[in-house]
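Since the structure of chain A is provided, determine the placement of chain B on it from the hints.
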Amino acid sequence: TQLLEQSPQFLSIQEGENLTVYCNSSSVFSSLQWYRQEPGEGPVLLVTVVTGGEVKKLKRLTFQFGDARKDSSLHITAAQPGDTGLYLCAASGNTGKLIFGQGTTLQVKP
Amino acid sequence: EAGVAQSPRYKIIEKRQSVAFWCNPISGHATLYWYQQILGQGPKLLIQFQNNGVVDDSQLPKDRFSAERLKGVDSTLKIQPAKLEDSAVYLCASSLNIGLLNSPLHFGNGTRLTVT
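Residue numbers (this note's numbering), protein chains in the order written: chain A, 331 to 440; chain B, 205 to 320.
Isolated chain A, as found in the complex (with noise of 0.2 Å):
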């Protein structure tokens, strides 16, 4: 079975720190996504990572996939109030289907 760990489990900083989520498996994925999902609403997609050792941003959201597309981490700078959400890390291997992190609650206070 493969397994998504995250971590933390839980973030609570204040407005204009930076923090990093981790995801971490034992498994090769063959491409891996964050999602952010807030209160009430599905996951909405921000990024997908497919190649070991990428990294992509997505304004003061940096996401790196690691080197043998085993784990990924996602560091947001500054942050803000409206970052307070569930992060997701999502990844797929070789049969499509799409597995879940536990996700990452950050809450950012003013």
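FYI, nobody ran anything at the bench for these hints, they're computed from the structure.
Please note that the accuracy of each hint is not assured.
Claimed, not checked - FRET-style restraints, in silico, Cβ to Cβ:
id, chain 1, residue 1, chain 2, residue 2, range
1, A, 412, B, 213, 18 to 28 Å
2, B, 272, A, 381, 33 to 43 Å
3, A, 346, B, 263, 35 to 45 Å
4, A, 370, B, 288, 41 to 51 Å
5, A, 342, B, 242, 15 to 25 Å
6, B, 221, A, 383, 48 to 58 Å
Claimed, not checked - Calculated lysine-lysine pairs in the DSS-like style (CA-CA distance at most 25 Å, straight line):
id, chain 1, residue 1, chain 2, residue 2
7, A, 427, A, 400
8, A, 386, A, 427
9, B, 282, A, 427
10, B, 215, B, 248
11, A, 389, A, 439
12, B, 248, A, 400
13, A, 400, A, 387
14, A, 400, A, 386
15, B, 275, A, 427
16, A, 427, B, 219
17, B, 219, B, 275
18, B, 215, B, 282
19, B, 266, B, 282
20, B, 266, A, 427
21, B, 248, B, 287
C-beta: ideal position from N, C-alpha, C; glycine also.
Here is chain B on its own, set in the frame of chain A:
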């Protein structure tokens, strides 16, 4: 484009009762997914359809859960009889096709089920 529509938004039932959820995917999306998300956890795939055929239902508790997508468009997920541990948000998602790189998932806002 219109997003994935789900109804109802909320449902409260007693254990051993039955409940059904409805999903209307984005027009033209061949692949439809039902996920269960328990509070504080990531979504867990229950069943995946490609058009009206089942691709993966390995984590669907088939003794009480059933799902169908008869015409390859709308889908319903049913629980009969419900248990307390079924309390969760049920998310429907659709994608253009299988193959996540070119077919990202689009999620509905879910149905929050409370079983008392």
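Structure-based check of each hint:
Taking 18 to 28 Å as the suggested C-beta distance range, the pair residue 412 of chain A and residue 213 of chain B conforms, at roughly 24 Å. A hinted range of 33 to 43 Å holds for the C-beta pair residue 272 of chain B and residue 381 of chain A, which are about 39 Å apart. For residue 346 of chain A paired with residue 263 of chain B, a C-beta distance near 41 Å keeps the hint of 35 to 45 Å intact. Roughly 22 Å separates the CB atoms of residue 370 of chain A and residue 288 of chain B, a value that falls outside the hinted 41 to 51 Å.
Evaluation of the 15 to 25 Å hint for residue 342 of chain A and residue 242 of chain B yields a pass: the beta carbon distance comes to about 22 Å. In this structure, residue 221 of chain B and residue 383 of chain A meet the distance hint of 48 to 58 Å, their C-beta atoms being roughly 52 Å apart. Taking the CA atoms of residue 427 of chain A and residue 400 of chain A, the gap is near 16 Å; set against the 25 Å cutoff, the hint holds. Restraint check for residue 386 of chain A and residue 427 of chain A: the C-alpha separation of about 23 Å stays at or below 25 Å, so the hint holds.
Between the alpha carbons of residue 282 of chain B and residue 427 of chain A the distance comes to roughly 22 Å, so the proposed pair stays at or under 25 Å and holds. Distance check on the hinted pair: residue 215 of chain B and residue 248 of chain B sit about 20 Å apart at the alpha-carbon level, within 25 Å; holds. Our distance criterion of 25 Å between C-alpha atoms is met by residue 389 of chain A and residue 439 of chain A, whose separation comes to about 20 Å. Restraint check: the Cα-Cα separation between residue 248 of chain B and residue 400 of chain A comes to about 20 Å, which is no more than 25 Å; the hinted pair holds.
Simply put, residue 400 of chain A and residue 387 of chain A have alpha-carbon atoms about 19 Å apart, close enough for the 25 Å limit, and the pair holds. Note on residue 400 of chain A and residue 386 of chain A: the hinted pairing holds, with a Cα-Cα distance of about 17 Å set against a maximum of 25 Å. A threshold of 25 Å between alpha carbons decides the hint, and for residue 275 of chain B with residue 427 of chain A the separation of about 23 Å falls inside it, so the pair holds. About 31 Å separates the Cα atoms of residue 427 of chain A and residue 219 of chain B, which puts this hinted pair outside 25 Å; it is violated.
A threshold of 25 Å between alpha carbons decides the hint, and for residue 219 of chain B with residue 275 of chain B the separation of about 31 Å lies outside it, so the pair is violated. For the hint pairing residue 215 of chain B with residue 282 of chain B, the CA-to-CA distance comes to about 13 Å; that is within 25 Å, so the pair holds. The straight-line distance between the Cα atoms of residue 266 of chain B and residue 282 of chain B is roughly 10 Å, inside the 25 Å bound, and the hint therefore holds. Taken as a hint, the residue 266 of chain B and residue 427 of chain A pair is honoured in the structure, with Cα atoms around 19 Å apart against an allowance of 25 Å.
Proposed proximity of residue 248 of chain B and residue 287 of chain B is supported: the alpha carbons are some 17 Å apart, at most 25 Å.
The structure shown violates the earlier hints numbered 4, 16, 17.
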